[in-house]
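Q: Same order as they appear, the protein sequences are chains H and C.
When we follow my numbering, the leftmost residue of the first sequence carries the number 1342, and every step to the right adds one.
When we follow my numbering, the leftmost residue of the second sequence carries the number 10, and every step to the right adds one.
In case anyone wonders, no lab produced these hints; they're calculated from the structure.
Check each hint, because a few of them may be wrong.
[Stated by the list, open to error] Some chain C residues close to chain H (C-beta under 10 angstroms, calculated; not the full set):
1. 16
2. 18
3. 19
4. 286
5. 288
6. 293
7. 297
8. 301
9. 373
10. 374
We put the beta carbon where it would ideally sit given N, CA and C, even for glycine.
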Amino acid sequence: MSLELSDVTVALGSGDARTTVLDGVCARFSPGTVTALVGPSGSGKSTLLAVAGALLRPDDGQVLLDGRDLAALGDSQRARVRREHIGYMFQSGNLLSGLTAVEQLLAAASIAGRRPRRLRHRAEELLAAVGVGHRLTHRAEQLSGGERQRVALARALLLAPALLLVDEPTAAVDRSQAGTLTELIAASTHEHGCVTVVATHDPAVSEVADHRLDMAALTGAATGARRADQP
Amino acid sequence: MLLPLLELRAARGRFVLMGTVVLLVAALVGTVSGFTTGLTDDTVSALRRLPATHVAFSPDAKTDQFARSLVDERTLRGWRGQDGLEAAPLGVSLTRGTSDRGAEVDMAAFGVEPGSFLDPGADRGAPLGTEPDGIVISQDLVDEGLRVGDTVVVDRLGIKLPVTGVTGHSAYGHVPVAYLPVDTWQRLRFSTPGAPAGPSAEVPRQYSAIALRADDGAGLTGTDRELGTRTVPLKDSYAAAPGYSGERITMTSIQAFLYVIGPLVVGSFFSVWTVQRQPELALLRALGASRRRLLGHTLLQAGVVVVAGTAAGGALAAGIGLLVGGAVPFSLPAATLLTALAAFALVGLAGTALTLRRVTRSDPMTMLGANR
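Use the sequences and the hints to build the structure in full.
A: Spelled out as structure tokens, the structure:
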């Protein structure tokens, strides 16, 4: 499954405060590769992730996931694409309060229409793989920031999504944990052949990525370039 | 199913608290229903069991008609001359007496013609007409100490009323009923204390009303005009019982308030609950939960709280009914309780509808760049 953004334009805000965040952005992301989106805060990394992840409908342009234009889909159809094909790891606020680590994954499986009981073993394996196997029955409030991030990554990987979107995965973890997380993201991407896009400020993440995409180049904010195609 | 149940467990303290509030309001609804039915029963059960379709009063009696209305024999004959109906005289008055075994009782005296369609018969003992001035008492008077074979002496008048039989539960204006021959009732109603009140005493041949058993009520208005009466359906005559209208208005008002309070309480709780979990709702939307699914989750959670709370409240109300027993006019048949609780549960769930709009408006975009 491939992802392609074609002439995507997004403006946020209203009235005088309305700002064009993405302006005619074109980008192509191939299966089995990790692409690091880099750029300063406010450069549109999260907005690009939102558009690619069917969270936000662009004002103009196409978002083609395996040839299907997400921008043309209705609200319920985009929700369906999200639960069936996309895995997210957000920068913060990733977990449902009151639920244990393993329940976070089973709840996501339930939303996707899968039988949670059948995925319990896989969920525990993934949580062990991200280093929180000893915290399976701890509730979200009992986990540290780094542990919460890792649970969120396990949840994103649980259903082997075609598109994995990760927002600042190493922002709340120490260097050794950051390494573990990025390696896991890369390994899972290569193993399952999913399209992975990571918004990051962390050079270590960029180094692990197969491709590096500068938001300044995409939006033309710094160089005037408006197009960046990935092989 | 999994997610809403996990959320219920995760926030069980809050949901138990809310369920307890629902339980208490539902128990109040059930209890008030029990008192409403019990009070109504205690006020008009004697009228309910009259096998009549209509009651004709004298036109001058506007309120409390059974006490104020008087119709004479000519009017009774006039009604009896009509085709397609049966007519029987009915006397209603309140009195008190003392049995020969010393039991002091208040009685609603219902004068009926022995053998007429108003004659209640007797479940135990002998019916009316088997003994001069013999009366058939309701079970409620048995509960107060009377029994077949007793003789009740009417206070001040000295009229002796031997108890010949017992019939079922029957009360009028919170007073248990005794059925007596209508001519005995006339002596009881019209005699003056201290004056002779024996069987030969001269008293007006009048009645409180005329009970009618009509094939249909269409022709009654013309007969009313002809005979100078005012006829109402039996059910409308309940309002003529003392205290009936006031009690109904009071109890119905309390019930109406509870039916308003219920959805407001439930709606307020889920409104706050929804505001508090906006971040979770946004995350669920971002993970692909549809608006319809989130609505379903909220309704399921509300359903669990409202139904469980209401059921427990109903059980509490039924328990209260068992505890108070016959000490107060409380009657809570299963059908009444279930109807009241079903209505309460429905309006409670309707209260949840107040929150649904906020549930559907949760924005998954807040997950990106959001810093909670």
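Q: Evaluate each hint against the coordinates.
A: Comparing the hints with the structure gives:
no.: 1; hint: 16; verdict: holds (7 angstroms)
no.: 2; hint: 18; verdict: holds (8 angstroms)
no.: 3; hint: 19; verdict: holds (2 angstroms)
no.: 4; hint: 286; verdict: holds (8 angstroms)
no.: 5; hint: 288; verdict: holds (5 angstroms)
no.: 6; hint: 293; verdict: holds (7 angstroms)
no.: 7; hint: 297; verdict: holds (2 angstroms)
no.: 8; hint: 301; verdict: holds (7 angstroms)
no.: 9; hint: 373; verdict: holds (5 angstroms)
no.: 10; hint: 374; verdict: holds (5 angstroms)
Going down the numbered hints, you'll see the structure goes against none, and every one checks out.
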